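K.L.:
So the chains spell out like this:
There are 2 protein chains.
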Amino acid sequence: MTKINKQVQLEQQPEGTPNEKDFRVVETEIPSPKNGEFLAKNLFLSLDPYMRGAIAGKHMGHSRLNQGDLIGGRCVSEIIESNNSTYKVGDRIVIESGWQEYVLSSGQKEHGIRIINKSKSSLSASLGVLGMPGLTSWAGVECLSKPTLGETFVVTAAAGPVGGTAGQLAKLKGAHVVGVAGSKEKCIVATDQYGFDACINYNDANWLDNLSKECPKGIDVYFDNVGGLVLDQISDQLNLYGRIILCGFVSQYNNKEWHGHNLGKYVGKRANLLSVVVYDYYNRFDEFLNVAIPLVESGRMKYKEDRVVGIDSAPKHFSKLMAGKNVGKAVVEFG
Amino acid sequence: MTKINKQVQLEQQPEGTPNEKDFRVVETEIPSPKNGEFLAKNLFLSLDPYMRGAIAGKHMGHSRLNQGDLIGGRCVSEIIESNNSTYKVGDRIVIESGWQEYVLSSGQKEHGIRIINKSKSSLSASLGVLGMPGLTSWAGVECLSKPTLGETFVVTAAAGPVGGTAGQLAKLKGAHVVGVAGSKEKCIVATDQYGFDACINYNDANWLDNLSKECPKGIDVYFDNVGGLVLDQISDQLNLYGRIILCGFVSQYNNKEWHGHNLGKYVGKRANLLSVVVYDYYNRFDEFLNVAIPLVESGRMKYKEDRVVGIDSAPKHFSKLMAGKNVGKAVVEFG
Numbered sequence: 001m002t003k004i005n006k007q008v009q010l011e012q013q014p015e016g017t018p019n020e021k022d023f024r025v026v027e028t029e030i031p032s033p034k035n036g037e038f039l040a041k042n043l044f045l046s047l048d049p050y051m052r053g054a055i056a057g058k059h060m061g062h063s064r065l066n067q068g069d070l071i072g073g074r075c076v077s078e079i080i081e082s083n084n085s086t087y088k089v090g091d092r093i094v095i096e097s098g099w100q101e102y103v104l105s106s107g108q109k110e111h112g113i114r115i116i117n118k119s120k121s122s123l124s125a126s127l128g129v130l131g132m133p134g135l136t137s138w139a140g141v142e143c144l145s146k147p148t149l150g151e152t153f154v155v156t157a158a159a160g161p162v163g164g165t166a167g168q169l170a171k172l173k174g175a176h177v178v179g180v181a182g183s184k185e186k187c188i189v190a191t192d193q194y195g196f197d198a199c200i201n202y203n204d205a206n207w208l209d210n211l212s213k214e215c216p217k218g219i220d221v222y223f224d225n226v227g228g229l230v231l232d233q234i235s236d237q238l239n240l241y242g243r244i245i246l247c248g249f250v251s252q253y254n255n256k257e258w259h260g261h262n263l264g265k266y267v268g269k270r271a272n273l274l275s276v277v278v279y280d281y282y283n284r285f286d287e288f289l290n291v292a293i294p295l296v297e298s299g300r301m302k303y304k305e306d307r308v309v310g311i312d313s314a315p316k317h318f319s320k321l322m323a324g325k326n327v328g329k330a331v332v333e334f335g
Numbered sequence: 001m002t003k004i005n006k007q008v009q010l011e012q013q014p015e016g017t018p019n020e021k022d023f024r025v026v027e028t029e030i031p032s033p034k035n036g037e038f039l040a041k042n043l044f045l046s047l048d049p050y051m052r053g054a055i056a057g058k059h060m061g062h063s064r065l066n067q068g069d070l071i072g073g074r075c076v077s078e079i080i081e082s083n084n085s086t087y088k089v090g091d092r093i094v095i096e097s098g099w100q101e102y103v104l105s106s107g108q109k110e111h112g113i114r115i116i117n118k119s120k121s122s123l124s125a126s127l128g129v130l131g132m133p134g135l136t137s138w139a140g141v142e143c144l145s146k147p148t149l150g151e152t153f154v155v156t157a158a159a160g161p162v163g164g165t166a167g168q169l170a171k172l173k174g175a176h177v178v179g180v181a182g183s184k185e186k187c188i189v190a191t192d193q194y195g196f197d198a199c200i201n202y203n204d205a206n207w208l209d210n211l212s213k214e215c216p217k218g219i220d221v222y223f224d225n226v227g228g229l230v231l232d233q234i235s236d237q238l239n240l241y242g243r244i245i246l247c248g249f250v251s252q253y254n255n256k257e258w259h260g261h262n263l264g265k266y267v268g269k270r271a272n273l274l275s276v277v278v279y280d281y282y283n284r285f286d287e288f289l290n291v292a293i294p295l296v297e298s299g300r301m302k303y304k305e306d307r308v309v310g311i312d313s314a315p316k317h318f319s320k321l322m323a324g325k326n327v328g329k330a331v332v333e334f335g
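Protein chains in written order, with my numbering: chain Y, 1 to 335; chain H, 1 to 335.
The reader is advised that the hints may include incorrect statements.
[Stated by the list, open to error] Facing chain H, according to a computed beta carbon distance under 8 Å, are these residues of chain Y, among others:
#1 G61
#2 I188
#3 N272
#4 V277
#5 V278
#6 D280
[What the hints assert, rightly or not] Quick list of in silico lysine-lysine cross-link-like pairs, DSBU-like style, CA-CA up to 35 Å:
#7 H/K213 / Y/K320
#8 H/K269 / Y/K146
#9 H/K265 / H/K213
No lab work stands behind these hints, which were simulated from the structure alone.
Owing to the predicted nature of the structure, the values given are computational and were not obtained by experimental measurement.
Virtual Cβ for every residue (Gly too), placed ideally from N, Cα, C.
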């Protein structure tokens, strides 16, 4: 076993869309677990858009990062040494590890550890469809907006792990599901893999007309992952008393000035604006997995990954994600 | 009977807060009712903040007014001639009359006519606590936000007919009720007449601290009548999962550019933003009155009017209302 633990640290606060220069890859020593601690080798790292805001200190529960700070992120990991009776060598876990090859933990709650030995699904799925993004989708669909038979459900970032899972859950509940995504390729994933009824490419000039054609009875639920102008534009097609799930603001994370919403138009629609914050649903993770694991294992719920290999690839892959060029859940596989 | 029907027309679109120069008082002839029509003499005219937006064409269902157009507004009226079998001479009604002394009507639905003979309360109350403002309050409190025992309910424009009634309804339902208003005089109305637990003057420098002191357990329901920055500021004190009733935007009606809200902070609160549009509740007017009339007649629900006499006074009184200098429901009594 090598003694080197490569990790990615912040080099400088990104201006706008992050690029590789904002990060640095550093070789550190692999720590040794003391009494009560364990050491895990990371297998997969999750890259998530909200981490852009977290780096800048704009995400709840994350303080702004400074030069030299480890970038945060969840990993699927395997425990390789343990002095902690709860976690055994060979256990596979999800853990708030940060962008590094090895992680030392005392097993405490703030490390967000979940043992995933029981799931037969691909390990990396625990970072996407069976992880925090999946739980987010479930909370927004099943707990908050509750789309039903005959209703039209629209979701943005439709090829991503939150949007893709949300649309599939709404489809399973009988709604007419229309995705919105940033490329033809992403739209094909939404329709051909996820089974959405339609998907609109918002880079087409007439995309709002196209959306209207695919939603002939108007929109009952809009699951918003992007915020900003797109939220305002899609909400123009919301039916009276429609529900809007405010889930993500990916259009805004790279901006200095956030888009300001004129709430008057939402009042005109009598829109019910509901926010989903996944942390509120952690105590219901098992309830979600009881639904989601059988769906994934039976092939009724699909997911797609955009995977690279090696921690050195993480900065470039994150930059691609933040530029909207990924297709599917962005994951780094450790070599 | 004089042959003159004085009416107030638009002279020019107001810039910012309206003033008397934006209106003109014109003498027209009193029309004669044809077959199926009736003529009513107006007794009281309601002045409402939303009319500011309606004049500018920014209110739903109202087209922008041009020079010479009659200003819109509801009146309590008495029918003095009738060729319509539904409406008899002597009937007292609420009618969408506009700012004028007499109104001719075919009795059709779009005139928004309600016969109010049954109510023993003061006739003018049918323009405030027992009218559209009262119905708005009831919808926001009873149908949407449902404050209950142990909860803290905050309402802006606390001395006005919507805010004052909303706070009293919340108080009757057992909530701890704190008003926010623009002067010491208004606050005294809210506490001493309406029985609110406290009322904060937002023109005091430390008003947000004062609000915090009166809401030691945070805010569960915020009934917002002003919009803009105040909405953002008060929402900072909202409890997680709190409800916000979006009812009015009086802080914005005189502005060219509307205040843009960063929805991120509402997501952080998991706020449930609910809009109240009173038109949606017209079919429940009787249900509301069944609650409200006994409360008013028994003195358990109070109201206050800011009354002037004569249609010539309407422009100046409306200007006072839009400058926030009224205390209570703004009404014009016909001479």
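K.L.:
Hints broken by the structure, by number, lowest first?
P.N.:
Failing hints, ascending: 1, 2, 5 and 7.
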